[in-house]
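Engineer: These are the residues of each chain, in order.
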Amino acid sequence: MAFHETKFPADAPVAVKAVGWIDDRFPLSKLWNDQWGKYYAPKNFNFWYIFGSLAMLVLVLQIVTGIFLTMHYKPDATLAFGSVEYIMREVPWGWLVRYMHSTGASSFFIIVYLHMTRGLLYGSYRKPRELIWLFGFAIFLCLMAEAFFGYLLPWGQMSYWGAQVIVNLFGAIPFIGPDLSLWIRGDYVVSDATLNRFFAFHVIAIPLVLLGLVAAHLIALHEIGSSNPDGIEVKENLGPDGHPVDSIPSHPYYTVHDLFGVSVFLVLFSAVVFFAPEMGGYFLEYNNFLPGDSLKTPLHIAPTWYFTAFYSVLRATTADFMWVLMGAVAAYVAFLWIKARISTITKIAISVIALLAIIGMLPSVLDAKFWGVVLFGSSVVIIAFLPWLDHSKVKSIRYRPTWHKYLYILFGLAFVSLGYLGTLPPSAVRTMVSQICTLFYFGFFLLMPWWSAAGTFKTVPSRVVFHPH
Amino acid sequence: MNLAKKLLTILALLPALALAEEGFQLDHAPDRSNDTAALQHGAKLFVNYCLNCHAAASMRYNRLRDLGLSEDQIKANLLFTSDKVGGMMTVAMAPKDAKAWFGVVPPDLSVIVRAKSGEAGTGRDYLYTYLRSFYKDDTRPTGWNNMVLHNVAMPHVLWELQGIRTIRMADVKDEEGHVEKAFAGYDTVKPGTLTPLEYDNAIGDLVGYMEWMAEPAAATRKRLGVWVLLFLTGFALLAWRLNASFWKEVK
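Those protein sequences? They're chains A and B, same order as listed.
Read in order, the letters of the first sequence are residues 0 to 468 in numbering that gives the first Met the number 0.
Read in order, the letters of the second sequence are residues 0 to 250 in numbering that gives the first Met the number 0.
Think of the hints as simulated: they come from the structure by calculation, not from any bench.
Beta carbons are placed, not taken as given, at the ideal position from N, Cα and C, and that holds for glycine.
Among the hints, erroneous ones may be present.
[Stated by the list, open to error] Taking CB as the label site, the calculated pair distances span: (1) 182(A) with 86(B): 39 to 45 Å; (2) 467(A) with 32(B): 47 to 53 Å; (3) 113(A) with 93(B): 49 to 55 Å; (4) 279(A) with 181(B): 27 to 33 Å; (5) 240(B) with 36(A): 34 to 40 Å; (6) 425(A) with 167(B): 33 to 39 Å; (7) 295(A) with 183(B): 31 to 37 Å; (8) 240(B) with 78(A): 49 to 55 Å; (9) 425(A) with 168(B): 31 to 37 Å; (10) 427(A) with 93(B): 43 to 49 Å; (11) 322(A) with 168(B): 45 to 51 Å.
Here chain A stands alone, though its shape is the one from the complex (with noise of 0.2 Å):
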């Protein structure tokens, strides 16, 4: 195709010319109004929907004041903790960065739970934005790295036994794990060289890919389209001009909209960054306060507060509740071939797994350290499935029966119960909730196929629900 340059009449304004050239030749106007500008959205959005934009903004801020950190961070273990001091105290607005990126860590996971747990509510992983959840959750998993490598570097007590404790996990692995460990810390124990890889991938290698994820997270939801509170698919309904008669433009509606919801996000923000940056100890521990050392294994190590929900899962998988998990896999597997809607074939080859998986349980095979290694990745990663497990037939908690309402709040209580009591160290008490809650927590997915098609749903209503301002 031939180039053709766009024509202005003289008078135009330097700033549209200069516009014009760039359309011409990289398309500009296009991707703005495609991905924000006249991208169409559900007019409905409420409360629940900041998070997404909320999650694009801290993560700019954590680039940011990370490229910072590091014009001044030395990532070697005698002078990491040091480093971090001076940043502190000696360059110039060192401390303000420094805040600011250790409460933007915990920030970002605030926001990506309730973030996901919007998607939750409303079915937003359904048919056909499985994808858009699927980026989502290797996002996830991707910030749960971040995350993990970024908290060795301050080179605290917590930073070096959090890193030593999670990196052994992987020896639990059958066969490989011992030299998988070796090969992850590039030394027997946690140290330098560990320190210095870390650094690279926290830095470097985890931002570039979440960066080219978060952009297949918006293409493939731009290419679909946003859903909203009702569930309901409003390019269904079409006005005169094309548009869907229940969507605006982002642009300018939601550019104010959420221009409000990240002033609101940046004042609770900056009121930690300056009146609690610690807060509580939950956001910079008390512990990492002391430098990394070796020799001195700390009474209670446990996970920042973000990881500790999985943690609590790999806690309770006890010797004693092994045989709980044997019976829980063999009653799964009954009610399956019960209640399940699948080929004898596949039931026969589940049946195979679940009892190699049930000798594998039994005290001489595999011992209770491995298990509960396979129960904190499964935990995780059974969330990546729900676009298959949810059989509901509305998208919206609100048109679905009540009492599935219950089950949501009691899952997430599990869930908060379960973060909380990785906090605090195991006692037969805690280990008894815990075990509860990770049966709960399992059962909740599991169960999913069937207790999600169960009751009376109500009618989904054809048009969105607005309320105009």
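Got chain A; can you put chain B on it based on the hints?
Structural biologist: Here is chain B on its own, set in the frame of chain A:
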């Protein structure tokens, strides 16, 4: 309704999971963060009593200007002859020697106040109680022990100020009726140069200084924070009304 009641009962019981572990009861340290004179006194105590064994290698001597001291004052009163005022608060004790003499290298105190916070109290409370809980114990190599950190390797550096005390153990019946020995207070063997109240006050100043040293930017942070929050609240209000004005158009 039944389910909601059940939920509430479980919710009410959940805090029981948070029962704190037993430990020595920490006293509440006074807040000296706004008292410049107290912080200067604390700096004096710190340099004279602590900096012989403990380093504070992240703390630069001339940062003490933030406490209202001039460089000349710092040079004259708070510096050892071999140190420079632009240098860090390091110590001459080699780690190898420290290990041999004490069994452990005395920890760096730059951020120790932040490290010692916990469920029992703030780091300030911990150190305040710790420095006032030493007692004479002839079974220990240094001749001193501590109620907060049992069998500590550190001697009672401030013994001349506080004096020499022993602990009194009394017989106490526990739940099952067994007789146990429990801590029942201190007995003064030899008084120090400060009265107990003066000593507590001095330790309050010392720990106040250490808290300042752990985060010298704290006062700036809080001062700025007020302005930042005021601005952002105003901004949020404007953003709210701007949003409302646009959304009036949406039917």
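Engineer: It remains to establish, for every hint, whether it holds in the given structure.
Structural biologist: To see whether the hints hold, each was checked on the structure:
no.: 1; hint: 182(A) with 86(B): 39 to 45 Å; result: holds (43 Å)
no.: 2; hint: 467(A) with 32(B): 47 to 53 Å; result: holds (51 Å)
no.: 3; hint: 113(A) with 93(B): 49 to 55 Å; result: holds (52 Å)
no.: 4; hint: 279(A) with 181(B): 27 to 33 Å; result: holds (31 Å)
no.: 5; hint: 240(B) with 36(A): 34 to 40 Å; result: violated (23 Å)
no.: 6; hint: 425(A) with 167(B): 33 to 39 Å; result: holds (36 Å)
no.: 7; hint: 295(A) with 183(B): 31 to 37 Å; result: holds (32 Å)
no.: 8; hint: 240(B) with 78(A): 49 to 55 Å; result: holds (50 Å)
no.: 9; hint: 425(A) with 168(B): 31 to 37 Å; result: holds (32 Å)
no.: 10; hint: 427(A) with 93(B): 43 to 49 Å; result: holds (47 Å)
no.: 11; hint: 322(A) with 168(B): 45 to 51 Å; result: holds (46 Å)
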